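Asker: Listed below are the residues making up each chain.
There are 4 protein chains.
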Amino acid sequence: MTLSSPTSTGPAPETAETAQVGVLHGAGYVGGECIRLLAAHPHATLHAVTSRTFADQPIGAAHPSLQGQVDHTFAAPSDVNLEALDALLVAAEHGQSMQVVPEILEAGFDGPIVDLSADFRFSDPAIYPEWFDVEHPAPELLDEAVYGLPEWNDQIAGASLVANPGCYATGIALALALPARNDVPFTAHVTALTGASGSGATPSAATHFPDRADNVRPYKVLDHQHTPEILQVLGEHVTLDFVPASGPWTRGIWGTAQIEWSGDVDPDAVTAWYEDAYGEAPCVRCSSDGLPSLQPTVDTPFCDLGWTTDGSVLVVGFALDNLLKGAASQAVQNLNRALGLPEPAGLLPRSVLPTP
Amino acid sequence: MTLSSPTSTGPAPETAETAQVGVLHGAGYVGGECIRLLAAHPHATLHAVTSRTFADQPIGAAHPSLQGQVDHTFAAPSDVNLEALDALLVAAEHGQSMQVVPEILEAGFDGPIVDLSADFRFSDPAIYPEWFDVEHPAPELLDEAVYGLPEWNDQIAGASLVANPGCYATGIALALALPARNDVPFTAHVTALTGASGSGATPSAATHFPDRADNVRPYKVLDHQHTPEILQVLGEHVTLDFVPASGPWTRGIWGTAQIEWSGDVDPDAVTAWYEDAYGEAPCVRCSSDGLPSLQPTVDTPFCDLGWTTDGSVLVVGFALDNLLKGAASQAVQNLNRALGLPEPAGLLPRSVLPTP
Amino acid sequence: MTLSSPTSTGPAPETAETAQVGVLHGAGYVGGECIRLLAAHPHATLHAVTSRTFADQPIGAAHPSLQGQVDHTFAAPSDVNLEALDALLVAAEHGQSMQVVPEILEAGFDGPIVDLSADFRFSDPAIYPEWFDVEHPAPELLDEAVYGLPEWNDQIAGASLVANPGCYATGIALALALPARNDVPFTAHVTALTGASGSGATPSAATHFPDRADNVRPYKVLDHQHTPEILQVLGEHVTLDFVPASGPWTRGIWGTAQIEWSGDVDPDAVTAWYEDAYGEAPCVRCSSDGLPSLQPTVDTPFCDLGWTTDGSVLVVGFALDNLLKGAASQAVQNLNRALGLPEPAGLLPRSVLPTP
Amino acid sequence: MTLSSPTSTGPAPETAETAQVGVLHGAGYVGGECIRLLAAHPHATLHAVTSRTFADQPIGAAHPSLQGQVDHTFAAPSDVNLEALDALLVAAEHGQSMQVVPEILEAGFDGPIVDLSADFRFSDPAIYPEWFDVEHPAPELLDEAVYGLPEWNDQIAGASLVANPGCYATGIALALALPARNDVPFTAHVTALTGASGSGATPSAATHFPDRADNVRPYKVLDHQHTPEILQVLGEHVTLDFVPASGPWTRGIWGTAQIEWSGDVDPDAVTAWYEDAYGEAPCVRCSSDGLPSLQPTVDTPFCDLGWTTDGSVLVVGFALDNLLKGAASQAVQNLNRALGLPEPAGLLPRSVLPTP
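Protein chains in written order, with my numbering: chain A, 1 to 356; chain B, 1 to 356; chain C, 1 to 356; chain D, 1 to 356.
One chain only, chain A, in its complex shape:
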């Protein structure tokens, strides 16, 4: 992918009818957010949700807060009638989607598929054995798949397969895309913390309450699999030193990028970079007042960005909800783009939607 100019809210909807959407593997945290967003979507209807574990049980069995809000029952994956669907969100684990999506395409499904795993994010198949310890079974699809960072990719409208970005990758790429556009090599020193929902719904040592609460735990230091994903977006002239860490909260990613720039940094120029690029982007909020806090982004579809400089170092902060802008709401953004609906439909109140 090459950085294009960031686009805004997309074209007006082509049709007033609602799209019938299915969510595959909808029992995890990301799946639950997809269900919640689609249930309230003005131009989409949640048609079916699958889960092997919860097949034939109500949605509330996996997502108690959705009881009384959604009437559906989980279907077994084999019971979904693809012909009734206009689009699919696939919330399978990494490594599963690369099996599932080719089968769906072979079955003749022709609506857009937004895949939330890492399985179609990389154009280079060699990344998979190197970073994910697996040979990709359908490398020909990697050319076809479109990387779904909607602020920076204008190929999403009409795409048949969209690879939804990773949560850290979304925040870091949105923060660094502007300096990267200058084509001047630089190093970005990033430290970022993520919430426990990023580890999924299955208990593990990383999410054991007595060890997670009141703690910060670094992991995969200088070795996180989002690094190649981010560099694929930004270009190889960027060096990324990335320290990820677990934070003691459930939702949200907060991080800082310290950029050593060759030559002086002009604060006004930096502000112009960001405001020009994201001024019309409905799901990015910018502030030249300083770095963002985490909390205002939680339960919202926004990535918040802010920056400051002392003239030599440029510090950019980013914050987002890992389950929303880092996963489910970005998938709905991509779904809207792919279907020709207003980009923030189902994510923001109508009153702030752009007029078509």
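Since the hints were made in silico from the structure, they are not lab data. Mixed in with the good hints there might be a few duds.
The list makes no distinction among identical chains, and a pair is therefore deemed to hold if it is satisfied within one copy or across any two copies.
For lysine to any residue, the following SDA-like pairs were computed, each having C-alpha atoms within a straight-line distance of at most 25 Å [claimed, not checked]:
no.	residue 1	residue 2
1	Lys-220	His-72
2	Lys-220	Gly-290
3	Lys-220	Trp-273
4	Lys-220	Glu-275
5	Lys-220	Asp-110
6	Lys-220	Ala-61
7	Lys-220	Glu-280
8	Lys-220	Asp-289
9	Lys-220	Gly-60
10	Lys-220	Gly-311
11	Lys-220	Pro-125
12	Lys-220	Ala-269
13	Lys-220	Thr-187
14	Lys-220	Asp-266
15	Lys-220	His-43
16	Lys-220	His-237
17	Lys-220	Thr-202
18	Lys-220	Pro-64
19	Lys-220	Pro-102
20	Lys-220	Ser-204
These numbers were taken from a predicted model, which means no experiment stands behind them.
Position chains B, C and D relative to chain A; hints supplied.
Answerer: Only chains B, C and D this time, still in chain A's reference frame:
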């Protein structure tokens, strides 16, 4: 108020037009939730929001997460044009509403007012000097005001002044209304914990992080001002021993009521009480499987209820979001009722709304 | 066990030498606290700690905060030389101790053993199949074992086998022992919340951070295995209705007991009950000012008690650290008693220790 | 101050008698920790604690957890008999100590004073108007005061006035002192988060629970007053870009330093730097296995350090309890040094104390 049969989702909307709604004193946590709900309401338009402190500033100045979601600016209270409004939500502090609401009525405002303070909850004016240390300046309005517990009051439709219940009172009254309907005297031993948002947006000793986190702190033991409010709903044949406590979270109330019943408790009869009463209530979720947890109710408009018995004691659990079913979403329920809109409009996805 | 008068801090130490103490199964949270307390004990030396999982690894491998504070290495259970030990703390899981302790006794170990599991708490062997789903393999030891609630049992000094009480049981029994001493039947309605460390160091659904944080989850309502333990202390004239719940913190139990008393409750008499009973108890703090908060007890060896009444209902609150007064520090209290050391040695600064 | 070789645990105590120590302004969080540590100190006696607010009240009035552990009553500052004291810990706010300490010295007090504020940390008086907005009233004392970073200053033994370092400064200086010793200019990009206890015991917007929980909030970005303090330790050849942030916990600082090194980084050489320097330091724990987590340092007197490199960037992580190694336990380390006691006396169990 006398317990009527709980009603369900209200009549169909009389009109397809959207109501113009104002939020007075909208800078606090409850006000923020009112704004958020109204911004997404399918049959209402957020027309104006007032704040003395934040007058002429954008909504995001008080509510950072709403930046980008709501375009409004806070108005000074004196700058609101009441004639442009069809309805009002008043989120003033206790003691302020009793000053503000009479002025609004004197100015000729004739749409429904939902007041979220305690100032119009009591039919007996003597409660105010006893429990709130203030003489009520407009006691004649106490007769006019309708207590807005929508599951138990069928006088809300068409009311001009609705007193929105307290947060604890909502949970405890919904939990105990069924045993209370039998007109058999009983004692309910209630222990309930509330989140820090219940103390409002102004820092205080009760919300100081080092003292609130990892702590439970009882307060106003056997002396909470919601006790007379609850007994006004349930009747004086109920004895309520209420221990409220501060819990280490931001949103939500969780509690248990242990009821010593004269004679044996028939589990099936109890289940029938609750399911008959709340089966059609859109914002109450019942479970005969056991007591509810807190988390599934947070960020939802539901009060969850569950019960269990060993044949002699009846234990009823309740959980709700203090800012939503305990305040703002219940206010919207009342607004909907008063305006003749579907009761859960703006609170639940259309797909689960009852068919008109 | 029959309620004796609560005793205070025990006799003066018989000897200035330090006791050599072993901790069996020391890799869990309770084991870690035992290690920490013994390492700082003025009259005891931590001689050996066992763990099958961590055998031959340093203590810090299981307890990172103890790295640099304790020099020991975990030993395999079979490698401990019992002859070198004067006393044992056994921190095995329920069901393990009933296998391990008889073997130790058969091997001729004659120092005091404090067992922290439930395996020797009940004098009636029939409790084990009913509540723990296991036949006790050594029922004859149940007569020999002494229940280690030091404030209410004067048989601990010189005991060879002490059964350390459960965490909830400690708080509830200390709170209700005074009303129970009157031999008047009453019902106590108890709601209590516990921290995630009570579920142990192994991840599980109950301790999964996204589900535990910002949540309260009731469990084993009216069916907790501490109920028969508490009634064994208090007597069968007490009826206990107990609702336990999981709270969103790591350490500590907080609860309320609402007691319906036959006849009026005299506040001064109640205060006298508690102050007379616990005035000299070094690890119970009483307050007639109201119910206790949780936080002041965390990381301390105290159970805090407070009470209030409106003349008819008596409300008693209790709070304690489940890993300390609910487990490890109480075990050290019992160890001290059994060895003839000052009861709070190793738990409180010397300056507040009672003069021998 | 110039970096000397880090020293270890200090000389053996000169006397078996215990020092009489006073804590001035002991009602805050740091004061509470000083009290707790001194109460358990084997070679010191807590003689007096002052507080204007809590004068004549028991210690437990300000520090509920210390009730039952400490028998003292707060004294008014004017009621302290300095002649009875061998040493003082001053836990006053920044700006207060520069008034109080000169008065104490004028009164002829000749024992060591460890001041925990910033008021004597800088040798250059010009720092005070620039960073603290105050002219220093006793600049002559700045020459006399010794900067109390015990791992890097061998002037503490016998000092009369020790300036205890800041909490961030302790962690960052310990992390960066090794690269700084090479006298090669480098830039360190630091992001660090601190707990709410760092803001003190008075409620404020920064510690309001609903805004602090589940949040990260950056503040004083590239403008924190610990920056000149750190550079005074490291030397002006180091450039420090420091982003501090508020984390959602009560105790502890966790941070990363990313260092751009001129030339390649040899991992083994780095490990040797740290292990050689801190191998004998009782309150620094090093790991070449990776960056430290926060939790193992909380409630301990340690600063944990770890590092990793990919050959070009060097990442050093640090973690410490802001109230202990960042304040009170470091003050006790300094007190021990000044008095000639073993450095970790009162901080670590005897069993791991170095043999004199």
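Asker: Run every hint past the structure and note whether it holds.
Answerer: Verification of the hints:
1. With identical chains, the CA atoms of Lys-220 and His-72 are never at most 25 Å apart, being 39 Å at best within one copy and 30 Å at best between copies.
2. Taking the shortest Cα distances, Lys-220 and Gly-290 sit within 25 Å of each other only across copies (9 Å), while inside one copy they are farther apart (28 Å).
3. Taking the shortest alpha-carbon separations for Lys-220 and Trp-273, only the inter-copy value of 24 Å comes in at or below 25 Å, while the best intra-copy value is 31 Å.
4. Taking the shortest alpha-carbon separations for Lys-220 and Glu-275, only the inter-copy value of 23 Å comes in at or below 25 Å, while the best intra-copy value is 33 Å.
5. Taking CA atoms no more than 25 Å apart as the test, Lys-220 paired with Asp-110 passes in neither setting, with 38 Å inside one copy and 50 Å between copies.
6. Taking identical chains as interchangeable, the C-alpha atoms of Lys-220 and Ala-61 lie at most 25 Å apart only when they sit on different chains, with a minimum of 20 Å there against 34 Å within one chain.
7. Taking identical chains as interchangeable, the C-alpha atoms of Lys-220 and Glu-280 are never at most 25 Å apart, the minima being 35 Å within one chain and 30 Å between chains.
8. Only between protomers do Lys-220 and Asp-289 lie at most 25 Å apart by alpha-carbon distance; the minimum there is 12 Å, versus 32 Å within a single protomer.
9. In this homomeric assembly, Lys-220 and Gly-60 come within 25 Å of each other (Cα to Cα) only across copies, at 22 Å, whereas the closest approach inside a single copy is 34 Å.
10. Taking CA atoms no more than 25 Å apart as the test, Lys-220 paired with Gly-311 passes between copies only; the shortest distance there is 16 Å, against 32 Å inside one copy.
11. Proximity of Lys-220 and Pro-125 under a CA criterion of 25 Å is satisfied intra-copy only: 22 Å inside one chain copy versus 44 Å between copies.
12. For a Cα distance limit of 25 Å, the shortest separation of Lys-220 from Ala-269 across copies, 22 Å, qualifies, whereas the shortest one inside one copy, 34 Å, does not.
13. In this homomeric assembly, Lys-220 and Thr-187 come within 25 Å of each other (Cα to Cα) both inside a single copy, at 19 Å, and across copies, at 23 Å.
14. For a Cα distance limit of 25 Å, the shortest separation of Lys-220 from Asp-266 across copies, 20 Å, qualifies, whereas the shortest one inside one copy, 34 Å, does not.
15. Taking identical chains as interchangeable, the C-alpha atoms of Lys-220 and His-43 are never at most 25 Å apart, the minima being 40 Å within one chain and 44 Å between chains.
16. Taking CA atoms no more than 25 Å apart as the test, Lys-220 paired with His-237 passes inside one copy only; the shortest distance there is 23 Å, against 31 Å between copies.
17. For a Cα distance limit of 25 Å, the shortest separation of Lys-220 from Thr-202 qualifies both inside one copy, at 20 Å, and across copies, at 23 Å.
18. In this assembly of identical chains, Lys-220 and Pro-64 lie within 25 Å of each other by CA distance solely across copies; the values are 19 Å between and 33 Å within a copy.
19. For the identical chains of this complex, Lys-220 and Pro-102 are neighbours neither inside a copy (31 Å) nor across copies (47 Å), given an alpha-carbon limit of 25 Å.
20. Taking CA atoms no more than 25 Å apart as the test, Lys-220 paired with Ser-204 passes in both settings, with 16 Å inside one copy and 24 Å between copies.
The structure does not agree with the numbered hints 1, 5, 7, 15, 19 stated previously, though it agrees with the rest.
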